[in-house]
Amino acid sequence: MDMRHTETKRGSIMNRPITAIVLRAIVALGLLGAAGGCATSTPDCSLAATRNLDSAIDSAKSNLQAGCVAYFDGYMDQLLEVAAGDPQPENKRAFSDFLIWSSDQGLLSKRQAQETWNRFFNVKFVSLQGDYNNCAQTCPVRDDVLDNMERELADKERGMLKASLDQNGYYRADRLLQETELVLAATCRACAAGGR
Amino acid sequence: MASEFGSTRLFAIALLVVATPLLTGAARGPALQLFPTTVLEDIKETGQVAEDMETGLQEVISRLDRQQQLYVESKCDGAVEDPGCARIAKQLGASYMEMLDVMGQRLPDMERAVNSTRTSLEKRLRSELGLKMTPWALQETLLGNQPDGSEPAQPKLRGRSGLRLSERFRQYYSLVAQSGSKADHSLAVVASDIYLDMEEASVLIAQTQEEIGRATLLEELNQSFGVITPEMQQVVNGVKSILFGESGQVIELAGPPPGSGQIEYESPLEW
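Line by line, the protein sequences are chains R and Z. Heads up: the first sequence at position 167 corresponds to 167 in the numbering used here, and the numbers run straight through without jumps. Heads up: the second sequence at position 11 corresponds to 11 in the numbering used here, and the numbers run straight through without jumps.
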């Protein structure tokens with residue numbers, strides 16, 4: 001008798017619509033969350049208001065660890081601004097350490113960290129790379145490549161010149177862009193002539 | 001008239017272009033084969049043509065300058081009826097025609113040398129920079145092994161250098177001859193510069209020949225160059241600046257400021 005009763009009760013539960021069960025579970029979880037305080041609240045992702053680069057980087061690290069990964073590009077932008085307020089060659093190392101830390105934390109892939117570093121602080125252009133030859137890869141999109149290099153040069157100006165006082169590096173990058181423009185103009189014309 | 005002057009200028013530019021390859025002819029290294037020895041003879045011949053043209057034009061251009069000065073000092077501008085001014089104007093026109101004639105005589109040799117060298121460079125650029133290199137290899141080549149803060153040893157490009165054309169060739173030749181594989185970055189830029197100049201020169205030579213023919217016909221018909229026009233003066237100035245480096249405008253690539261001598265920080269992330 002008891003068994004039948006039990007079976008009947010279990011059967012009645014099993015026969016309830018699944019959607020109703022799910023809805024009840026959601027409501028229950030919501031109540032639990034409310035009772036538990038801020039477990040699901042959005043973190044404050046704004047950087048600490050400081051003119052000190054090390055402090056700003058510490059603030060960025062703290063926020064990133066708290067879940068503000070989506071703000072990474074914005075943090076880079078703000079850190080460059082802070083660095084420009086007190087430009088010095090040592091700032092390069094601070095940014096490098098920050099990017100390596102970001103990679104070690106899994107916030108960026110190693111490739112992303114390298115590209116970010118080289119875009120802002122290296123003479124070479126991230127915008128000019130690829131696995132195929134120039135006739136096949138670069139020439140068909142030469143204008144786009146040069147436009148991207150122009151934009152990258154502006155980033156190098158921020159990273160190398162304004163944040164790190166690396167005038168030599170920046171002007172080498174500037175010259176490299178001009179020479180690339182000239183060499184690609186000639187090379188791509190020669191490539192096209194070969195296809196005629 | 002303006003088109004005649006334009007053609008003259010084109011010719012002068014074409015001459016400049018032709019001379020440039022002389023410099024690059026010596027460029028050869030184990031890594032980049034942009035300047036094979038087969039191009040050297042064309043380059044030398046082109047340089048000689050440039051020098052001959054300088055010599056031939058220097059005298060006539062000096063005479064043009066003197067006549068122009070006399071014309072201005074005599075206040076002939078607008079004094080068409082004055083017999084003395086008419087005589088000076090006629091002499092100006094004759095000198096201008098002589099300048100076109102000198103250029104016209106040199107043009108066929110120039111055209112042949114330009115086209116030959118252009119074709120050779122075109123093949124080399126396509127092969128060495130276009131087909132054998134990735135974009136990354138290209139920028140590494142352009143950067144070379146140049147240490148931070150040092151000025152690359154290369155001539156000013158894509159602009160007037162302020163030098164005589166023949167002197168510019170000599171400097172190019174010197175650069176190429178003294179450079180080994182370490183100067184690949186310079187050679188790539190120089191080769192590109194010369195090739196583009198030659199492309200332009202080829203077109204300019206053709207246009208110049210056409211314009212010289214037209215100007216000669218007009219001169220034969222009615223001495224139409226009785227007065228030197230601003231356009232004519234512009235052409236003469238253009239030829240002077242290209243051949244003899246008398247232009248005040250020098251186009252240079254950006255150069256780095258003096259180096260600090262400090263060792264730069266190198267990140268582990270750097271490529």
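Since the hints were made in silico from the structure, they are not lab data. Ideal Cβ placement from N, Cα and C applies to all residues, glycine included. Hints should not be assumed to be uniformly reliable.
[Unchecked claim] Derived coverage of chain Z by chain R (criterion: at least 3 residues anywhere in the stretch with Cβ under 8 Å from a Cβ of chain R; other residues may be distant):
{"id": "1", "region": "47-61"}
{"id": "2", "region": "97-111"}
[Stated by the list, open to error] With the C-beta cut set under 7 Å, the calculated list includes, among others, these residues of chain R facing chain Z:
{"id": "3", "residue": "C45"}
{"id": "4", "residue": "R93"}
{"id": "5", "residue": "L176"}
{"id": "6", "residue": "T187"}
Inset, instruction - Quick one: see if chain R covers the region 47-61 of chain Z, three-plus residues with Cβ-Cβ under 8 Å. - result: violated (count 0)
Legend entry - When the least beta-carbon distance from R/C45 to chain Z is tested against 7 Å, hint result: violated, 25 Å
Legend entry - Interface hint compliance - R/R93 to chain Z, C-beta minimum distance less than 7 Å: holds, 5 Å
Inset, instruction - For the hint on R/T187, just tell me whether its beta-carbon gets within less than 7 Å of chain Z. - result: Check passed: Cβ of R/T187 comes within 4 Å of chain Z, closer than 7 Å.
Inset, instruction - So, R/L176 near chain Z? Judge it on the closest CB pair being under 7 Å. - result: holds, 6 Å
Legend entry - Verdict on chain R covering the region 97-111 of chain Z, criterion of 3 CB contacts below 8 Å: With 0 residues in contact (Cβ-Cβ under 8 Å with chain R), the coverage given for the region 97-111 of chain Z is violated.
Checked against the numbered hints listed earlier, the structure breaks hints 1, 2, 3; every other hint is satisfied.
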